[in-house]
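So you can see what is in the structure, the chains are spelled out below.
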Amino acid sequence: MSDSTTADDAGRTDASNPLVTVDGLRTYYESEQLVGGKPVKAVDGVSFEIGRGETFGIVGESGCGKTTLGRSILQLEDVDEGRVSFDGTDVTTLGRRGLKEWRRDAQMVYQNPMSSINERMTVGEIVREPLEVHNWETAASRRERVQELLDRVGLRPEHYHRYPHQFSGGQRQRVGIARALALEPEFIVLDEPVSALDVSVQAKILNLLSDLQEEFGLTYMLIAHDLSVVRHICDRVGVMYLGKLMEVGPTERLFTSPQNPYTRSLLSAIPQPDPDVGADRITLRGTPPNPRDPPAGCVFSTRCPFAIRQPEHEELGDEQWAAIAQFRRMIRERASSTTLERAKQRLGMGTQFTPIREVAEDLFGSLTYPEAVEETLTRATELVADGDVTEARDLLDDEFSTVCEHESPQQHEVGNGRSSRCHRHREEYREPGDYLRDAGDYLPE
Amino acid sequence: MEYTPLTERVRATPWPAVVWLLGVCLLVAIELGRIASGLHNIGGAVVTAAGAGYGGLADGLASGGTGGVLTAVGLLAGLWLVGLGVVTATRATVVLRVTDRIPLRSQRLLDGLAFGLCLGVVVGLAVVTGAVGVVHALGDLLQSGVARLAELPTLTARETIPNQGYQTPDGTWHGTFFGLSPALAWGLRVLLIHLYVAAWLGWLWSGYQRYRRHYRQADWTPRDDVVSRLRYHRWGQFGLLIVVLFLTMAAFAPSLGTAPANQNIYAPFSNSITYYDASLGEVTETLVGNANLETRSQGYPGENVSPMTYDRFDRFHPFGTLTNGKDLFTFLVHGARVSLLIGLLSVGASALLATVFALISAYYRGVADLILVVTGDTIMGVPRLLLLILLTVLLGDTWLGGLYNGGVLLALVLAATGWPFLWRAFRGPTLQIAEEDWVDAARSYGQSATGIMRLHMLPYLLGYLLIYSSLVLGGVILAVAGLSFLGLGITSPTPEWGRAVDLGRKFVATESWHISLIPGAMVTLVVMGFNAVGDALRDAVDPQSDSSVADASETESRGGGV
Ligand code: SF4
Chain W
732 MSDSTTADDA
742 GRTDASNPLV
752 TVDGLRTYYE
762 SEQLVGGKPV
772 KAVDGVSFEI
782 GRGETFGIVG
792 ESGCGKTTLG
802 RSILQLEDVD
812 EGRVSFDGTD
822 VTTLGRRGLK
832 EWRRDAQMVY
842 QNPMSSINER
852 MTVGEIVREP
862 LEVHNWETAA
872 SRRERVQELL
882 DRVGLRPEHY
892 HRYPHQFSGG
902 QRQRVGIARA
912 LALEPEFIVL
922 DEPVSALDVS
932 VQAKILNLLS
942 DLQEEFGLTY
952 MLIAHDLSVV
962 RHICDRVGVM
972 YLGKLMEVGP
982 TERLFTSPQN
992 PYTRSLLSAI
1002 PQPDPDVGAD
1012 RITLRGTPPN
1022 PRDPPAGCVF
1032 STRCPFAIRQ
1042 PEHEELGDEQ
1052 WAAIAQFRRM
1062 IRERASSTTL
1072 ERAKQRLGMG
1082 TQFTPIREVA
1092 EDLFGSLTYP
1102 EAVEETLTRA
1112 TELVADGDVT
1122 EARDLLDDEF
1132 STVCEHESPQ
1142 QHEVGNGRSS
1152 RCHRHREEYR
1162 EPGDYLRDAG
1172 DYLPE
Chain B
794 MEYTPLTERV
804 RATPWPAVVW
814 LLGVCLLVAI
824 ELGRIASGLH
834 NIGGAVVTAA
844 GAGYGGLADG
854 LASGGTGGVL
864 TAVGLLAGLW
874 LVGLGVVTAT
884 RATVVLRVTD
894 RIPLRSQRLL
904 DGLAFGLCLG
914 VVVGLAVVTG
924 AVGVVHALGD
934 LLQSGVARLA
944 ELPTLTARET
954 IPNQGYQTPD
964 GTWHGTFFGL
974 SPALAWGLRV
984 LLIHLYVAAW
994 LGWLWSGYQR
1004 YRRHYRQADW
1014 TPRDDVVSRL
1024 RYHRWGQFGL
1034 LIVVLFLTMA
1044 AFAPSLGTAP
1054 ANQNIYAPFS
1064 NSITYYDASL
1074 GEVTETLVGN
1084 ANLETRSQGY
1094 PGENVSPMTY
1104 DRFDRFHPFG
1114 TLTNGKDLFT
1124 FLVHGARVSL
1134 LIGLLSVGAS
1144 ALLATVFALI
1154 SAYYRGVADL
1164 ILVVTGDTIM
1174 GVPRLLLLIL
1184 LTVLLGDTWL
1194 GGLYNGGVLL
1204 ALVLAATGWP
1214 FLWRAFRGPT
1224 LQIAEEDWVD
1234 AARSYGQSAT
1244 GIMRLHMLPY
1254 LLGYLLIYSS
1264 LVLGGVILAV
1274 AGLSFLGLGI
1284 TSPTPEWGRA
1294 VDLGRKFVAT
1304 ESWHISLIPG
1314 AMVTLVVMGF
1324 NAVGDALRDA
1334 VDPQSDSSVA
1344 DASETESRGG
1354 GV
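So the sequences go chain by chain: W and B.
Converting from the first sequence to the numbering used here requires adding 731 to each position, the first position being numbered 1.
Converting from the second sequence to the numbering used here requires adding 793 to each position, the first position being numbered 1.
There may be inaccurate statements among the hints.
[As the list claims (entries may be wrong)] Which residues of chain B face chain W? A partial, calculated answer using Cβ under 7 Å:
#1 Glu944
#2 Tyr1238
#3 Pro1252
#4 Asp1295
[What the hints assert, rightly or not] Rough simulated footprint, nothing fancy, chain B against chain W, three-plus residues with beta-carbon under 8 Å:
#5 850–858
#6 881–895
Keep in mind that the hints were calculated from the coordinates and are not lab data.
We treat Cβ as the ideally placed atom computed from N, Cα and C, and that holds for glycine.
Make the full structure from the sequences, and use the hints.
Quick look at the structure:
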């Protein structure tokens, strides 16, 4: 962890010998339904490395799978596929005993200090437990170590016998940190360590973590949704969306010149009057899709303002294009609603969909389209009105769908140790940045 | 303030502890004989049960067929459980290292099995080679030592304050304590016993206070809140009072009774009493059985001994007599023992099962949970009375049925049919606890499954355990009484409250109303007491848990709804 001024210095970490290497990691949650449910792809093919002594940040909206990623790396979730190498050993294949040994080296600090420590134990017992589990030397030396740890994280010796009931959130989080440090780990996953705390306390805890990293040579993986925290603390950052790592790169460069369309959107979504941050006016349309049913191609394609279009639609204005995207989204939604829902609707029991003609009028009324497009839209509207929702969807797909919608993008190296997952980095398409400049509407600078 | 072990803290300020321990010694000393004889009895019972159990096992295995297979499976399961316990308690690494080599997910199961089998083999070898004889001899030595202690006089013993005697025409009493009337002597003894119990309770409370003031290092613990909330819970205190009275009754039954149980209830025709026969004009002796025949309560003035009266043999009957002339009070205090024993045994067993199963289903979820849900619901689906009758009749002739006049069997059957009710009450909260981050955190630093269940889940369940156990205990007492009332369960002559109610049923509206009404009222009161304690515990442990009220009453009514 270092300040933002030196964060750019990629040479700080030893890239040739990473501590943690994650390779094609997949973690799926089985659906709760007994039959016919699809698994939730919480983490879907994520690869990255974390160098020794580095602070690697993971950002993303809530529900993007970042916490699951952290827990999967620590083997707290059943990983479905992929490898997690720690210091050269693949920890996904460790046996019970090996795993227990390895847990000494990799710890976690939890988000909510109210529920992450057991209130029926005294602070001393809480911090001592990992030591007992791993048979740390003698009983006396365990107690000594706990006292030492309490002192180190800024608690007083008499707190040893206190119960967490009497503690503030910040103090509890210190207890959690002391517990994570107890076994002298090398690597700690910090799962939103300050997001549940008062703003005044956040800085103190972050400084503590920073000091500890320096003192013990720790490697951190910081999971956060607060971009300012990430920017302040992390050496490198990964941006996650719907189980995929969209972009990875050194913090400052990623924040000042984001490559991936999602990163741009995310950065502009936070009100941050920072002139460095590009693309202030890009807005994220709609909500993230249901992770149970992610889009087929690029996971971001349903909301991407940069999505690649078929050549004949290039000249459409952004507003026009957005209206079409919205229209297709709604029709897709209707098409995927179950038979039961549709039956309910017929009987007037379900939530009523707005009549399609009104929707079309709303979306396209004030816009003009080239003739061919106009015609397709009208036909689709008629099809839906006649009840052929799927046919309408297919028609629209034929006309408008692109590589973004049916092919999952690769992770492209985009220079300076950065990689981004987007088709626009391919030769045949224009880079997101270039595209943006040409499009005019979004021009940030 | 560094952590120091308790022994050191005591060494630093020894006086409060020393004074307290001296008090305990004094309290133990004046009742040493009773405590020793209690231990002696328990030891004897355990040996008998173990012998019967071993005999049953050996028979079962020898008989072959389905019975043999069932016995073998049961034996294996038992060994596995024991092995699991050993593994958890000792965290021995030798066997773990071996089983770790086996590439299976459920290594825990193997650990338990390995340890259990080792244990089984050792015990089996001991039996075969006769090493058991050594254990036997040691046990006998211990038994005889305790038996000698048991002969020491005690403060509250019947012998210290005798209340059985006779009155000569001049009005003087012979054979009683200082020539007091039997009623007074008996009352004195009862008072003394309750004072003794009160002294113990007060001393324990003072011990807790001393510990808090002088030795405890934490200045506050979550239990402090529980205690302080209990201090203002009047309804709970009322319940506690009744429960304490009931427990006293059970614990001190032999000296609370106006006559020894053996003399009055079990073997009246082998014991005799002396009394002053007015027609003969002299002190004569008669068999208790014969005397009982003349003191029966049969519902009309000529043949009735009411509460708080003497019969014509100068025997005092605080609660009157039964239809067969036995003393109702003596019958009831010994009945309390039976009820309590069955209650504790069955609630203990079902609470244990329910807790373990709740922990398992919450921690492992999935298949384990499903199996338990199906099993539990199946048991709950069958009418409980039917199951009870069926099992009691089926197993009545086995060695199990012979233990404690069928009491042990009844307790086990009640436990086997009753755990799903408790388990259902525990499962919800346990599932919630298993979701907590601290459980996950414990996993993240390598705590074992059993360790997590014990340290991070069980403490949160303990409150529920106490609450529901006390609620169910009342239900079990009611159930046992109900079964005896129906003529099932505990066999005559072992005293049981329900049978007293049954005996007096015909005479409720007559002179002999006391036979049914007094025990009936006592059952009601005791059940109420346990429920009040349960309610108080719930309020104290979990002040916000109003939602569980509906749940509790359901368990309670179903627990007792036999
Ligand atoms: S692949 Fe297409 S949809 Fe996905 S981020 Fe790139 S431009 Fe947007």
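Structure-based check of each hint:
1. Glu944: 44 Å, violated
2. Tyr1238: Given a least distance of 4 Å, the restraint on Tyr1238 of chain B holds.
3. Pro1252: Result: holds, 4 Å to nearest chain W Cβ.
4. Asp1295: 47 Å, violated
5. 850–858: holds (count 5)
6. 881–895: holds (count 6)
Checked against the numbered hints above, the structure violates hints 1, 4; every other hint is satisfied.
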